[in-house]
Structure formats: C-alpha cells, structure tokens
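A.B. asks: Build the full structure now, drawing on both the sequences and the hints.
Listed below are the residues making up each chain.
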Amino acid sequence: MDKDGGATGADPGDEHGKLPGKPVGRRVVLGVTALGALGVAFGAQIENGLNGVLASISSKDPTGLTGLLPGGDGFQFYNVASSLPYRSDTDYRLTVDGLVDRPATYTLADLQALPQTRLVKDVQCVTGWRVPNTEFGGVLLSQLLDAAGVKPEGKALRFTCFDGVYSESLTLDEARRPDVMVAHQMDNAPVTRDHGGPVRLYVAPMYFYKSAKWLSGITVTDRVITGYWENYGYDVEAWVGKSNGRSGDVPIDGE
Amino acid sequence: MSDVAGSGAPGDVYRFTTAERWVHRCTSTLMLTAIASAAFLYVPELAEMVGRRLLLVTVHEWSGILLPVPLALGLFFKGVRADLTELNRFGPQDKGWVWRAIRRGTGFAGPAGKFNAGQKLYAAVIAGLVVVMVGTGLMMWFTSLAPLNLRTGASYVHDWLALLIGILVIGHIRMAVRDPESRHGMRTGRVSRTWARREHPLWEAELPKREPED
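Going line by line, the protein sequences match chains U and Z.
My numbering numbers the first residue of the first sequence as 1 and each following residue consecutively.
My numbering numbers the first residue of the second sequence as 1001 and each following residue consecutively.
The set of hints was computed from the structure by calculation and includes no laboratory data.
Among the hints, a few may not be true.
Which residues of chain U face chain Z? A partial, calculated answer using Cβ under 8 Å [claimed, not checked]:
#1 G39
#2 L84
#3 R130
Just a sample of chain Z residues kept apart from chain U, beta carbon distances all over 10 Å, derived [unchecked claim]:
#4 P1010
#5 G1011
#6 W1022
#7 T1027
#8 T1029
#9 L1030
#10 S1037
#11 S1063
#12 V1069
#13 P1070
#14 L1075
#15 F1076
#16 G1096
#17 F1108
#18 I1167
#19 M1175
Label-pair restraints from in silico Cβ distances [as the list claims (entries may be wrong)]:
#20 Z:G1135 with U:K151: 28 to 38 Å
#21 U:R93 with Z:E1048: 20 to 30 Å
#22 Z:A1036 with U:E153: 45 to 55 Å
#23 U:R93 with Z:G1135: 43 to 53 Å
#24 Z:K1095 with U:R193: 48 to 58 Å
#25 U:P23 with Z:I1102: 20 to 30 Å
#26 Z:E1048 with U:R27: 22 to 32 Å
#27 U:P132 with Z:E1181: 47 to 57 Å
#28 Z:L1168 with U:P23: 16 to 26 Å
#29 U:L38 with Z:L1046: 27 to 37 Å
#30 U:Y232 with Z:R1187: 23 to 33 Å
#31 U:P23 with Z:P1180: 24 to 34 Å
Here a beta-carbon is modelled for each residue, glycine too, at the ideal position from N, C-alpha and C.
C.D. replies: As structure tokens, this is what we get:
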C-alpha cells in the first residue's frame, strides 16, 4: 500500500525535514483563506460599491444571466412549501379573526379601497443580503386591527399563509407600528407571485423572514405563537437595528 | 485495501491507494451535493420549482460542513499524507507550468511529477475555498455568531466563491472527461506505464522498473 507513496515522496531528504521544492500549496490555502476573511470584513462595503455597476450591467443584459450574479440589489427567492403558492387577484381572501369584536374577510379590492400607505426602506435578510430602498404600498396593519376591534385579552398576532406551511408572529405593540403593513404593491407594481403576492406582510424594522409572503390569515391571540423559522431557532423579536450593526436603519419611532 | 495489488494489467503502475480513492469519492459526493443544493437554493427558477427551503438548507449545510471530513480522516493513511506532500511542494518543473499550459496546452507545458502544477494549484485553491465556504457558511447558519455587517460580507463572499467553485469543479470534471485513463486511475488505483510516462514522466521515471512479483 505504501509503495506508491514512498516511491513518489521524492528524495530521501524527506526524513530530515528538508523537503524538496517550495510549499506553494500551503501558501495558496492560507492566501485564499486570508482573502476570504478580508472579503467578510469588507464585503458589505464592496457590495455597496459594486451594486450600481452590476445593476447597470444586468439591466442591459438580454439573457438575464448577469442578474444571477451575487449582489446587484437582487432579492433571493425563498419558499418553504413544496410548490409555488398561487391565488388569483379575484380569489384572494385575507381573514382577520381571533380575539376581535368584528372578524372580517377582505378581498384584494377591499384592501385597495382602504387608505393606502407607502414605505421606502431597505429589505434586510437575516443571512446578510439586502435590497436597499424598496418601496412597499398597502394598508397599515393597525388600520385592520382598529377595524376589527381587538379585545382586551388580545396580546399578539399570528399570521398564516396560503402556502399552507408558513406562519409568523408579532406582538400587538409591534403590529401597531407605522412601519408594519399588509402590502399589495412593491416598487409601484402589484406584488408578484414570487414576492408573496397578491398580498404579503411587510415588517420594515425586522429581518425579512418576519414579512410573511402569501398572507391569508391574521389571528389575534392572547400570547405570541412562534412562527415557522422561529420554531427552528430564529429570533421572535427580529429587530434589524437592535440585533447588531445597522446604525442607519433606526426604527421610525425610536422603538 | 489489497485490491490494488490484486488486479490490473502487468504493465500497470500504482497511482492511488484505496484510502485516497475513498477520500476522493466521498469529497466529490459531498461537493456535488453541496453544489446541487446550492443551485436549488440560489437560482430563482430552480428554487421556485422545488420550494422546500428547510430541506434544501439542511442538505446544503451538512454536505458543506462535512466536506473537510474525508480528507481529515484520510490523514490517518500514509498514502494520503504522501500525496498531500506531493501536492503541497512545487519543484523546478512546476515553475511557469500553468502559464505554459494555458498558452500551449497541458501536453506541451513541460514534464510533470506525480501531479502537474495545475493539479497542485487546483487542490490548494479548492482546499482554501472550502475553508472560506465553511467559515462563511457557519456565519449564515448560526446567525448570532457575527454582527450583521460581517454576515452581509459573509454571504457576499459565499455567493461569489460559490460561482468560482462551480467553474473550477466544472473545469476539473472536464479534464477528467477528456482523459479516460486518469478516471480509470482514480477508480481502480492503477494506470498504465505508457500513460504515466506521457502525463507524469518525472513520476514514472522514479517508479521501480517492474512491479515486484511478491
């Protein structure tokens, strides 16, 4: 077994630690590792600098392949269900129930008829990617809660989705913030199916997993019932500003 | 472990031990699993097709974190250690070899030892990349390990290097596809003397002239 190793292990200098040649392999491994560490340290800045360039390249690329390159202000598509959920604009329903005085069911047209709000903020994924200055339009969650009349014992919200799998949670105080909405518009267009359309949640001050896609149900509960990713160890209170590092993204009311 | 000695044509020479071939087999399986799961997590068209993010994430995390394990276990075997030394050390014949191979083709880049400089460089770059990918991957897996701006850097590095690894692995497979006997060598541990003389003449010259008869 050893004969090829021994035979190829070059000259007898091996035993005395005087190996032939230079240890280029080890230097390359260490070099790549060091470059990777530098990339982690400065990647956020590099990404900011390169995003404009990448976005302008991919806007001129008819194949769309450059859109797959990392960065370039791109969203990444996440779906925990086994197939891509679908509701047509006319079939869509959003129910509000639980500990409320007036349970209600909204169609998309109903939501569009309510007073509308627009928010332009960064989308921040917990794994690190971000999409700056994304515009969401829709109805403030607080409006729907006021219309339903939350009973005194109502303390939290549970969100369910028509993918049949995903769920999320907020406390009542969080839900009433002026930067938490039920969105049907994104960047001045209807929220697409991929982005959780026709209607999704948008919780601006928190990591994006709180912004449930394909929203179909809001239930007022007496306590927080943890959502999908939260059951796998992610924070229930997923503040972007608080958890770390992002100074430029202070929640609207100082939190 | 004895199959190397028991089979093969009389003119064959040993190239890889059983331990080495298992290290390669396990590493390539893990690497292809990590790459495939990465594609289904990252490329929107593929992600939309299969969904099931939690399952894909789990497969990707574990295939990725286990990538260094086969080689680490291989370190218990002498043949693996000996070839790691071969891969690490660049001799005079390796100087400028990659450059010549790019310009004139690998067949005209000058004689090589057991591994040519391109193979040595590939091994080292992939090894370094795996270290970085495991590190950045852990930062995204356990999100409380690092503050957000480092996590942003980590996912940016992870995404770009994934692209680089994809290109390198495709190149590696392409080389293997074009050289059936090198694949035979990785599969059985043995190559013909003529192949060794053509592809790795400096190594072939060092081999015993005839296989011992035992």
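A.B. asks: Would you mind marking each hint as holding or not holding in the structure?
C.D. replies: Results of checking the hints against the structure:
Given hint, U:G39 at the interface with chain Z, holds; its Cβ is 4 Å from that chain's nearest Cβ, closer than 8 Å. Contact between U:L84 and chain Z, as hinted, is supported at the beta carbon level, the nearest pair being about 5 Å apart and thus within 8 Å. Below 8 Å, beta-carbon pairs count as interface contacts, and U:R130 has one with chain Z at about 7 Å; its hint therefore holds. The non-interface label for Z:P1010 is consistent with chain U: the shortest C-beta to C-beta separation is roughly 16 Å, beyond 10 Å.
The Cβ of Z:G1011 sits about 15 Å from the closest Cβ of chain U, beyond the 10 Å cut-off, so the non-interface label holds. No beta-carbon of chain U comes within 10 Å of the beta-carbon of Z:W1022; the shortest separation is about 13 Å. With a cut of 10 Å on Cβ distances, Z:T1027 stays outside the contact zone with chain U, its closest approach being about 15 Å. At roughly 22 Å from the closest C-beta of chain U, the C-beta of Z:T1029 stays outside 10 Å, upholding its exclusion from the interface.
Distance to chain U confirms Z:L1030 as a non-interface residue, since its nearest Cβ pair spans about 18 Å, more than 10 Å. The claim that Z:S1037 is not at the interface with chain U holds, since no C-beta of that chain comes within 10 Å of its own (minimum 14 Å). With 10 Å as the threshold on Cβ separation, the claim that Z:S1063 sits away from chain U holds: the shortest Cβ distance comes to roughly 17 Å. With a minimum CB-CB distance of about 17 Å to chain U, Z:V1069 clears the 10 Å threshold, and the non-interface call stands.
The claim that Z:P1070 lies off the interface holds: its Cβ sits roughly 17 Å from the closest Cβ of chain U, which is beyond the 10 Å cut-off. Residue-level check passed: Z:L1075 sits 13 Å from the nearest beta carbon of chain U, beyond 10 Å. With a cut of 10 Å on Cβ distances, Z:F1076 stays outside the contact zone with chain U, its closest approach being about 13 Å. Distance check for Z:G1096 against chain U: the nearest CB is about 13 Å away, which clears 10 Å, and the non-interface claim stands.
Look at Z:F1108: its CB is around 22 Å from the nearest CB on chain U, clear of 10 Å, so calling it non-interface holds up. Look at Z:I1167: its CB is around 13 Å from the nearest CB on chain U, clear of 10 Å, so calling it non-interface holds up. Every CB of chain U is more than 10 Å from the CB of Z:M1175 (nearest about 18 Å), matching its label as outside the interface. Between Z:G1135 and U:K151 the CB atoms are about 50 Å apart, so this pair departs from the stated range of 28 to 38 Å.
Our hint of 20 to 30 Å for U:R93 and Z:E1048 holds, since their Cβ atoms are close to 23 Å apart. Hint check: Z:A1036 to U:E153, Cβ distance near 49 Å, so the stated range 45 to 55 Å holds. Separation of U:R93 from Z:G1135 is about 46 Å and conforms to the stated range, judged on CB atoms against 43 to 53 Å. Between Z:K1095 and U:R193 the beta carbons are some 57 Å apart, a value that agrees with the proposed interval 48 to 58 Å.
Against the hinted window of 20 to 30 Å, the Cβ-Cβ separation of U:P23 and Z:I1102 comes to about 23 Å, which satisfies the hint. Take Z:E1048 and U:R27: their Cβ atoms lie about 43 Å apart, and the range 22 to 32 Å is violated. The beta-carbon spacing between U:P132 and Z:E1181, approximately 53 Å, falls within the hinted interval of 47 to 57 Å. Between Z:L1168 and U:P23 the CB atoms are about 21 Å apart, so this pair conforms to the stated range of 16 to 26 Å.
Separation of U:L38 from Z:L1046 is about 31 Å and conforms to the stated range, judged on CB atoms against 27 to 37 Å. Between U:Y232 and Z:R1187 the C-beta distance comes to about 40 Å, which lies outside the given range of 23 to 33 Å. For the hinted restraint 24 to 34 Å between U:P23 and Z:P1180, the CB-CB distance of approximately 32 Å keeps it satisfied.
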